[in-house]
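*Asks:* Sequence:
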Amino acid sequence: MRRGRKILLAPLDVHFDEDNVLQPDIIYIAKDNAGIIRDGYIYGAPDLVVEILSDATGRRDKTIKKETYERFGVREYWLVDPVYRVVEQFVLIDGRYSLAATLTESDRVVSPTVPCLGIELRAIFSEEDL
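Numbering of the sequence shown is given in my numbering, commencing with residue 16 and proceeding in unit increments.
None of these hints come from the bench; they were simulated from the model. Some clues are possibly wrong.
Stated by the list, open to error - Cross-link-like lysine-lysine pairs, in silico, DSS-like; alpha carbons within 30 Å at most:
id: 1; residue 1: K81; residue 2: K46
id: 2; residue 1: K46; residue 2: K80
id: 3; residue 1: K46; residue 2: K77
Claimed, not checked - Label pairs and their computed distance ranges (CB to CB):
id: 4; residue 1: I134; residue 2: K46; range: 14 to 24 Å
id: 5; residue 1: K46; residue 2: D70; range: 14 to 24 Å
id: 6; residue 1: Y56; residue 2: S121; range: 36 to 46 Å
Quantities reported herein were computed from a predicted structural model and do not represent experimental measurements. A virtual CB, placed ideally from N, CA and C, is assigned to each residue, including glycine.
Work the whole structure out from these sequences, hints included.
*Replies:* Okay, here's the thing in structure tokens:
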């Protein structure tokens, strides 16, 4: 990662406002957005958020969290399903999420928000990790 850019992992609170505080699984904050990190917390919208679905969190990740990220301007949102080995990639366009891609383990996810980020999904969906 280039200097000033941050990749952060849960647990870490993201404060969108007083009533909307969430803990994404993975957070990316671009250098020009680094001012939202203060006192060990994030106050504002990260550039990219990743949620890893589970039985316990899947419904909330697909509804409440997705709607909150969209409303507060998170530019890109990934839903990673380790059971079905699928990544849904949403990109914010005119204030609404648009499904940019549905990717499987044979694909490579490339982020329009983070130009240097490209991940071979077979690497994260390996048999040893499941």
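*Asks:* Each of the hints needs a verdict: does it hold here or not?
*Replies:* Results of checking the hints against the structure:
{"no.": "1", "hint": "K81 / K46", "in the structure": "24 Å, holds"}
{"no.": "2", "hint": "K46 / K80", "in the structure": "24 Å, holds"}
{"no.": "3", "hint": "K46 / K77", "in the structure": "28 Å, holds"}
{"no.": "4", "hint": "I134 / K46: 14 to 24 Å", "in the structure": "20 Å, holds"}
{"no.": "5", "hint": "K46 / D70: 14 to 24 Å", "in the structure": "36 Å, violated"}
{"no.": "6", "hint": "Y56 / S121: 36 to 46 Å", "in the structure": "38 Å, holds"}
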